[in-house]
Amino acid sequence: MNIIVCIKRVPMTQEVDLEIDKDGKGIKTDALAYVINDWDNYCIEEAVRLQETLGGSVTAITIGSEDDEEILRRALAMGADKAVRIDPGARELDGFVISQVLAKAIQGMDYDLILTGVQADDDNSGMVGIMLAETLALSHAAVVTDVQPEGHIAAIRVELEGGMDEVSKIQLPSLLTIQTGINEPRYVSIMGIRKARKKELTIIPVADLGLSEDDLTPRTRIEEVFLPPETTGAEMIEGDAASVAAQLIKIIKEKGVSI
Amino acid sequence: MGQICVVAEHRKGEIREITFEMLFKARALCRAFSLPLTALLLAGKDTGYADDLARWADRVVVFEDDRLETFNSDLYKDILNRVIRADRPFMTLIGHTSWGMDLAPALSVKTGLPLATDCVDIQAEDGRPTVIRQIYSGKLFSRVSFKESPGYLVTVRPGAFLVPDDTPVLEGEVMKQDVPVDLAEPRGTFIEFVDTGAGEIDITQADLLVSIGRGIGEEENIASIRELADRMGATLSCSRPVVDKNWLPKFHQVGTSGKSVRPKIYLAFGISGAFQHVAGITGAGTVIAVNKDQKAPIFRVADYGVADDLFKVADALKEKLAGA
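Sequence order for the protein chains is Y and A. So that you can map any letter, position 159 of the first sequence is 159 in this note's numbering, and since no number is skipped, the others follow by simple counting. So that you can map any letter, position 124 of the second sequence is 124 in this note's numbering, and since no number is skipped, the others follow by simple counting.
In short, the hints are calculated from the structure, not lab data. Take these hints with a grain of salt, some might be off.
To be verified - Here chain Y is said to cover these stretches of chain A; the calculated rule only asks that three of the stretch's residues, wherever they fall, bring their Cβ under 8 Å from a Cβ of chain Y:
| # | stretch |
| --- | --- |
| 1 | 23-33 |
| 2 | 55-61 |
| 3 | 224-230 |
| 4 | 241-249 |
| 5 | 258-268 |
| 6 | 299-312 |
Stated by the list, open to error - Pairwise CB distance ranges (calculated):
| # | chain 1 | residue 1 | chain 2 | residue 2 | range |
| --- | --- | --- | --- | --- | --- |
| 7 | Y | Gly89 | A | Lys45 | 47 to 57 Å |
| 8 | A | Ala198 | Y | Glu184 | 20 to 30 Å |
| 9 | A | Gln294 | Y | Thr29 | 16 to 26 Å |
| 10 | Y | Ser212 | A | Lys264 | 41 to 51 Å |
| 11 | A | Gly285 | Y | Gly89 | 24 to 34 Å |
| 12 | A | Met175 | Y | His152 | 38 to 48 Å |
| 13 | Y | His152 | A | Phe24 | 38 to 48 Å |
| 14 | A | Lys12 | Y | His152 | 22 to 32 Å |
| 15 | A | Asp87 | Y | Met191 | 54 to 64 Å |
| 16 | Y | Met191 | A | Pro164 | 58 to 68 Å |
| 17 | A | Asp87 | Y | Lys195 | 18 to 28 Å |
For each residue, glycine too, the CB sits at the ideal point set by N, CA and C.
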């Protein structure tokens, strides 16, 4: 089973005050640390597990600058065989353009399955994977929490809303967007990442892919980024832990809950 | 360009709430753009769904076929592509649900229409829509415009447009359409629905929920909060990351993919407040959030907040309760 995994490097934004950049269309990223997109981490793990059971190869792909190779090395350390970085240059990218670039890069490759994360931590858009599937005329499913390939079919489980899953079968080759929790991604040591430097990493400039102007034209554009509108928000309880605890107990009792 | 369309979503005999939320928002958009509102229904035979929808739209276009009873991306995409190419709706709304996340991006490529996903607002600006989205897990918002196009696709976040009880009903016309004879061959087969929310405890019945999130850090730390919950007579629940790591079973999970809860008190420890989680606690009487990240989105929806280390607060609570 040959598997392609599309991954993305994203800024870590938990416990960080984000600042809007001077254009007002993005954020200041200088002081931010970067990590692999959470959903994509599960994708790599799933691909490597499938390969360990069924054989074949795993290829990790990202679109980005040299800095983004960090996550490809991580994927290689987790067990991917090859990595590809597509260099977009200074081009403006939206979900549609990213899907077209990936499709051109992937179309000549040999694969049975393409995995992408359900969405990315930064833009939360969740469109690239399925757009890629449609461009490559592949069967597809979104928000997948289990994959069991057997021959030319895979049994899959899709997470719906409200504590409900759907079990179905899908023809391969296929593209699945992977939900967090599908597995437990393995630990990757710095040593492992260093060792992975020996594995193949190919760089493809986007100009080499022969995309049309239409494929490279974003269909949506961020006009403005802004802070969430003010809400009354929570009444903050201040003080040392003992005093905070006393106030919380008082509130809970006042709301009619006996503790 | 003659209409705004809403793709109805249904499951197990019911039209899903997101459908009515989209129809409610679409009515306002129809007024802004002076266009009629069409609900598109793809469903099994004799469901009665069309009559439900007719109360909310000017017309309901119905494709009924047993193959459409459950969602199938190939079949739904083929029919909707044909409808969009024939009728050229100005805007088509689809729910940002598992179903919509599978359908909308594919439909965007197939029709060539631009798509904006997971939108929390849609506005009319100089004859073109712009949308508002949340980025960086809700820490920021973005206003997004579309490339000029004969039509636009938008997926709508569930819960973004709550329907007021006094919304007047319409009596839309129901128009049955034949399913195309050369419909695409489905590459996926539905097997069954599985209820993942059932388990040893029912978090929907609790008056007091003590809930943990990513901030718990390690599995070993759960014991401390479980002890607090026991001491308070509370039920332990959690947000998605805790279930993802298999630290608690799925039936503890609060949120869109878990359960919606209505406790008198919801005490959230180390929960950031992703919208998928917040959607599950809208029925809570009082929300108290403890999180060391002062900018965590949970503080925007909580009634009371404590910006501190959750373990420090939990230990202090245990001490107070022991001494009480």
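Could you work out which of the previously given hints the structure breaks and list their numbers from low to high? As far as the earlier hints go, 1, 2, 3, 10, 11, 17 are violated by this structure, in ascending order.
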